[in-house]
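Q: The chain contents come next:
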Amino acid sequence: MLGIMAALALAVALPFVVSGYRVFQFTMVLDYAIAVFGANILTGYNGQIALGNGAFYAIGAYTVAILMTHAGMPYWATIPIAAGTCFVAGFLFGLPALRLEGPYLALTTFALAVATPQLLKYHGIESWTGGVQGILFDKPDAPAGVPLNSDQFLYLFCLFVTVIMFVLGANLLRGRTGRAIIAIRDNPTAAAGMGIDTSLYKSLTFGVSALFTGVAGALGAIVTQFVSPDSFTLFLSISFIVGVVIGGVATVSGAFFGALFVEFVPNYADQISKAAPWAIYGALLIAFMYAMPTGVVGLLRLIVRRIDPQWAIRKDAGKQ
Amino acid sequence: MTGATGNSGAPLLAIGELSVRFGGIVALNGVSFEVPRGQICGLIGPNGAGKTTLFNCLSRLYQPDGGTITFDGKDLLGLPRHKMAALGIGRTFQNLALFRTMSVRDNIMVGGHSTIRGGFVANSLRLPLVAREEAKLSARVAELIAALDLDGVADQPVQGLTFAVQKRVELARALACEPKLLLLDEPAGGLNHEEVEKLRELIGALRDRYGLTVLLVEHHMNLVMRVSDKVVALDFGRKIADGTPAEVQNAPDVIKAYLGASA
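Protein sequence lines, in the order shown, are assigned to chains A and B.
Residues 1 to 320, numbered by the working numbering, are exactly what the first sequence covers, in order.
Residues 321 to 583, numbered by the working numbering, are exactly what the second sequence covers, in order.
Fair warning: there could be bad hints in the mix.
[Said to hold, decoys possible] To spell it out: a stretch of chain B is covered by chain A in this simulated footprint if at least three of its residues, at any positions, have a beta carbon under 8 Å from a beta carbon of chain A; those stretches are: (1) 338-349; (2) 442-453; (3) 530-537; (4) 557-570.
[Stated by the list, open to error] If you want the footprint, here are the derived chain A segments under chain B, 3+ residues with CB under 8 Å: (5) 178-184; (6) 296-303.
Treat the hints as calculated values from the structure; they're not laboratory data.
Idealized CB from N, CA, C, for every residue including glycine.
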């Protein structure tokens with residue numbers, strides 16, 4: 001609890017100590033953290049491999065762009081609508097996905113991610129989506145009288161939404177629903193034997209994952225004030241899974257470490273070698289996996305246990 | 321007929337003319353028997369006799385090709401798999417089927433899933449209902465942990481515990497749904513002599529304490545004959561004997577099935 005408070009204090013102070021572009025980058029870290037958490041709920045906790053969450057990120061982003069430009073809605077009001085739309089889309093996609101396990105499910109979600117950019121370019125919906133051009137809209141300003149520049153304001157707005165999403169998600173993952181979600185991953189037959197409606201739970205978890213990813217997409221659109229089909233490539237979907245694995249599979253706080261990797265490592269790779277940034281990126285990814293096979297959070301837990309072997313036991317006792 | 325807690329004469333479980341085929345193989349062929357309330361019923365038979373198939377019909381993993389299963393006056397075959405726990409049927413698995421990454425306590429908490437309320441919305445928002453229901457289940461799980469002597473390992477992950485301890489965790493998990501009927505699939509499998517003796521006492525004690533009816537599939541003849549009020553014997557998917565342990569032990573068909581005496 002103390003750690004969370006300290007991290008939150010640091011996060012609130014951040015936009016006042018770093019430069020404008022850095023503020024934007026950290027805003028994107030928060031945004032990706034929500035998306036990585038969403039992917040982790042589905043893949044890490046529930047065991048359904050999701051390679052297509054970029055599609056829900058796109059739906060969230062386009063929902064915001066369309067509602068802001070066509071319906072004139074304020075940016076903040078579009079987020080719940082994006083969340084709801086993505087939940088329904090994820091739940092419906094989750095229903096047929098129930099029949100698929102492991103690599104078959106992974107390929108189906110992969111297909112979703114591959115198809116999304118092209119579907120967004122479709123002529124019939126061009127008047128809504130702006131076709132290949134996408135949609136450009138105005139940057140939201142801080143409310144009148146708030147002494148923040150718009151970058152700082154957007155960062156703090158994203159932080160606010162991030163805190164809400166992580167509280168909701170962490171709550172979901174403990175207690176009755178969380179145990180059921182994990183039990184299905186560990187042993188679906190036994191889970192059904194314990195009275196868990198595994199089909200319903202898996203579909204709902206798919207919906208929740210899509211909802212988180214959609215909220216991230218919505219925030220991403222608000223922060224960049226631009227959506228276009230080519231922003232939502234397959235690579236984006238894969239990045240979320242990279243974030244899950246780097247941060248720590250089936251951990252809550254891992255999402256932030258995963259998001260830092262997703263946001264910053266491609267930039268650093270680019271600085272190291274303009275000629276072959278992706279080779280550097282790949283090498284860094286392998287180095288991370290080699291050094292931390294259980295992700296950043298796995299490594300941190302290992303270190304804490306090495307220093308204080310009683311920590312885990314006390315922590316568990318505190319939960320009771 | 322000891323320890324009968326039933327409040328009516330109707331059997332808790334009635335299986336009628338149950339048949340299951342896998343392709344050309346007849347796994348169960350018109351099997352009928354009843355399990356009276358409060359009794360411990362042993363289900364025996366050589367390998368491939370159809371015992372586990374019957375168990376899987378009871379927990380709705382298999383859909384039989386014919387026949388009926390009536391539990392507490394309700395037709396089981398019309399209900400989905402996940403309704404069994406809420407109806408009052410708890411089970412253990414032949415080869416352990418625990419949730420390996422979870423602690424002993426959480427495994428047992430999952431066993432009580434159907435006894436408490438609270439879905440995705442209530443849990444995400446941590447509504448007051450959630451804390452109440454969690455407290456209710458936690459208290460019951462703590463009681464089961466004590467009853468099955470799991471206090472020392474309650475907050476350890478199940479993977480890494482000894483086989484005998486994991487079996488007790490499964491038993492506690494099966495009891496967490498507050499079952500009327502407990503299905504035990506080879507509870508003695510993999511246990512040593514001493515552990516089997518303890519298991520025998522435990523099954524009887526749990527039956528009396530929680531007013532259970534028990535159906536157990538078991539190869540360990542000594543255990544079955546001493547713990548059961550009633551024994552049903554299967555061979556090649558047919559029922560070959562049904563009665564008290566002494567009656568079944570001496571039935572010619574049972575002796576033939578086990579010892580292979582020529583007809």
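Q: None of the hints should be skipped; say for each whether it holds.
A: Here's how the hints hold up against the structure:
With 0 residues having a Cβ less than 8 Å from any Cβ of chain A, the segment 338-349 of chain B misses the three-residue criterion, and the hint is violated. Only when three residues or more bring their CB closer than 8 Å to a CB of chain A does the claim for the segment 442-453 of chain B stand; here the count is 6, and the claim holds. For the segment 530-537 of chain B, the stated coverage by chain A is violated: 0 residues have a C-beta nearer than 8 Å to a C-beta of that chain, whereas at least 3 were required. For the segment 557-570 of chain B, the stated coverage by chain A is violated: 0 residues have a C-beta nearer than 8 Å to a C-beta of that chain, whereas at least 3 were required.
Taking a C-beta to C-beta cut-off of 8 Å, the segment 178-184 of chain A contributes 5 residues in contact with chain B, enough for the three needed, and the coverage statement holds. With a cut-off of 8 Å between beta carbons, the segment 296-303 of chain A has 0 residues touching chain B; three or more are needed, and the interface restraint is violated.
Of the numbered hints given earlier, the model fails hints 1, 3, 4 and 6; all others are met.
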